[in-house]
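Just so you know, the protein sequences line up as chains W and D, in that order. Start counting the first sequence at 5; every next residue gets the next number (the numbering used here). Start counting the second sequence at 5; every next residue gets the next number (the numbering used here).
These are calculated hints, taken from the structure and not from any lab test. Hints should not be assumed to be uniformly reliable.
[Unchecked claim] Derived lysine-lysine pairs resembling DSSO-like cross-links, with alpha carbons at most 30 Å apart:
1) K172/W with K76/D
2) K33/D with K224/W
3) K33/D with K275/W
4) K33/W with K275/D
5) K250/D with K160/W
6) K160/W with K144/W
7) K161/D with K285/D
8) K172/W with K33/D
9) K275/D with K213/D
10) K161/D with K137/D
[Stated by the list, open to error] Derived Cβ-Cβ restraints for the label pairs, each shown as a range:
11) G277/D with S191/W: 56 to 62 Å
12) E38/D with E187/W: 49 to 55 Å
13) K172/W with G43/D: 18 to 24 Å
14) K33/W with Q30/D: 39 to 45 Å
15) E288/D with K172/W: 35 to 41 Å
16) F150/D with K72/W: 40 to 46 Å
17) S23/D with E26/W: 53 to 59 Å
18) E288/W with F247/D: 22 to 28 Å
19) S191/W with F272/D: 40 to 46 Å
Think of the CB as a built atom: it goes at the ideal place given N, C-alpha and C, for glycine as much as any other residue.
Number of protein chains: 2
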Amino acid sequence: MKDQAKNYFKSLQDQITNSLTEINQQMYKEDTWERAGGGGGVTRIFEGGNLLEKGGVNFSEVYGEFSKEFAKTLPHGNGVQFYATGVSLVLHPTNPFVPTVHANFRYIERGDTGWFGGGADLTPYYLFEEDAKHFHQTYKNTLESFGSDIYPMFKKKCDEYFYLPHRKEARGVGGIFFDYQIENIESKFEMVKACGDSFLESYLPIAKKRMGHEFTEDQKAFQEWRRGRYVEFNLLYDRGTIFGLKTNGRVESILMSFPKHVRWLYDFMPKAGTPEAELQKCLESPRDWV
Amino acid sequence: MKDQAKNYFKSLQDQITNSLTEINQQMYKEDTWERAGGGGGVTRIFEGGNLLEKGGVNFSEVYGEFSKEFAKTLPHGNGVQFYATGVSLVLHPTNPFVPTVHANFRYIERGDTGWFGGGADLTPYYLFEEDAKHFHQTYKNTLESFGSDIYPMFKKKCDEYFYLPHRKEARGVGGIFFDYQIENIESKFEMVKACGDSFLESYLPIAKKRMGHEFTEDQKAFQEWRRGRYVEFNLLYDRGTIFGLKTNGRVESILMSFPKHVRWLYDFMPKAGTPEAELQKCLESPRDWV
Numbered sequence: 005m006k007d008q009a010k011n012y013f014k015s016l017q018d019q020i021t022n023s024l025t026e027i028n029q030q031m032y033k034e035d036t037w038e039r040a041g042g043g044g045g046v047t048r049i050f051e052g053g054n055l056l057e058k059g060g061v062n063f064s065e066v067y068g069e070f071s072k073e074f075a076k077t078l079p080h081g082n083g084v085q086f087y088a089t090g091v092s093l094v095l096h097p098t099n100p101f102v103p104t105v106h107a108n109f110r111y112i113e114r115g116d117t118g119w120f121g122g123g124a125d126l127t128p129y130y131l132f133e134e135d136a137k138h139f140h141q142t143y144k145n146t147l148e149s150f151g152s153d154i155y156p157m158f159k160k161k162c163d164e165y166f167y168l169p170h171r172k173e174a175r176g177v178g179g180i181f182f183d184y185q186i187e188n189i190e191s192k193f194e195m196v197k198a199c200g201d202s203f204l205e206s207y208l209p210i211a212k213k214r215m216g217h218e219f220t221e222d223q224k225a226f227q228e229w230r231r232g233r234y235v236e237f238n239l240l241y242d243r244g245t246i247f248g249l250k251t252n253g254r255v256e257s258i259l260m261s262f263p264k265h266v267r268w269l270y271d272f273m274p275k276a277g278t279p280e281a282e283l284q285k286c287l288e289s290p291r292d293w294v
Numbered sequence: 005m006k007d008q009a010k011n012y013f014k015s016l017q018d019q020i021t022n023s024l025t026e027i028n029q030q031m032y033k034e035d036t037w038e039r040a041g042g043g044g045g046v047t048r049i050f051e052g053g054n055l056l057e058k059g060g061v062n063f064s065e066v067y068g069e070f071s072k073e074f075a076k077t078l079p080h081g082n083g084v085q086f087y088a089t090g091v092s093l094v095l096h097p098t099n100p101f102v103p104t105v106h107a108n109f110r111y112i113e114r115g116d117t118g119w120f121g122g123g124a125d126l127t128p129y130y131l132f133e134e135d136a137k138h139f140h141q142t143y144k145n146t147l148e149s150f151g152s153d154i155y156p157m158f159k160k161k162c163d164e165y166f167y168l169p170h171r172k173e174a175r176g177v178g179g180i181f182f183d184y185q186i187e188n189i190e191s192k193f194e195m196v197k198a199c200g201d202s203f204l205e206s207y208l209p210i211a212k213k214r215m216g217h218e219f220t221e222d223q224k225a226f227q228e229w230r231r232g233r234y235v236e237f238n239l240l241y242d243r244g245t246i247f248g249l250k251t252n253g254r255v256e257s258i259l260m261s262f263p264k265h266v267r268w269l270y271d272f273m274p275k276a277g278t279p280e281a282e283l284q285k286c287l288e289s290p291r292d293w294v
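Given only the sequences and the hints, what does the whole structure look like? Please build it.
Okay, structure coming up:
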């Protein structure tokens, strides 16, 4: 499974970065890096262009030994030997009417046991219900052939995971999230490939529809303020970010997920009745979008 | 001790915010808040003015019950009943040649046992050795009468605490840091008062000297990039921030410590030989400033 997964993730990175280059009308910058403990990766960064203020699409294949403490936290597999390969991406558009998007698909082996994990979620600054619906509908359609119970389950897990308890807010309008897909691994691989191949379909139509929208300085400032929540989530709660930073991961590939411009304001809340307040309201409780 | 400590911290907040209002030529905004579990505080926020892009000086007096998990992590006192009062402040100046400063002085009781903690540290964006020396020398002079071993001990603790392992960088040029000052509590109170009363002397001469310095957009951008480290430190490592956010503290009073404008750039490092590179170099290993 290792090689199949790795080859798929490598091709998924190409598929996604080729399309992004086209729409962004600007090439990414590529960094190939090695990991001291074994393996390495290829990080592709977009900075500037038609669509993206900052965005990264990372492929990695790493292996070696988990720390004993980390190994203990894993419910599957045995020992400390591991192999992990995957794609992760975060895209922060310039235009505040285009949502930020995150996706990650990965295959992990510990000892003789392998599993898939991943997901995709959308973080709008201004709420267009049709965009949230489109994003969710895409993954619902994709997952339908793997069982009609899959999408609702992954949707719920996404709402649970991308939540900021200290703010009592969701990070965004959710999407799908799954981990430890361990049984019938061949079928799970098909499912992950189907999700990965749906990414562009889930996001690009939204980006294309909104990227020409005119915006004001105040709307840009609101986007930068909301982006503070993205940073708070990733540093306080995101398992991958914290694990990576505390275990000598490649800092720049981990924090490529951060927006370029962020602002924190003391005790700011948008005025009632504004589109900004509508977005805040929407983040208070998860909705069924499809 | 409770009342004496509280009264001192309340007056320290006044002393500091009065002087800051004068130099900033703009009044703070004041919020009085109550804590659901017991107690409350007064948060004073500066936004804009001659000196400060954003700054907060917080006084609080809170009491009630620690969670059992948190109580377990404390090496002193018994049970879960607590009382805590203190002042904490973070000042982020507009001008990149003026350093950010943080200070915190607190008195905590758990059961029948009370102790003081606190410190002050300086985070420059451009290094002026004389400023770092002045800051350290002020606290060294202040602490001298409490024993000549105190300043070196507190200086070392500060270097150890304000360190970002994932960046292999200090947060700034340090200062003093201490906790669990439990023996001879009356004498420790004198020491804390002496440190608190030295704060303005440690910082204002630096701020006054640098706040009129001309700066370019690139220098401002460098400051915003460095501020990303401040956010990373506070969310990943700062015990007070993490404890507050994860235990239902008042989010806006905790995150008042965050700068207004922050930026993250992929894999950025200043060019060798520049003042920006000199600052980075300085953060690689702690120096003896006095």
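Legend entry - Hint check against the structure, violated hint numbers in rising order: none
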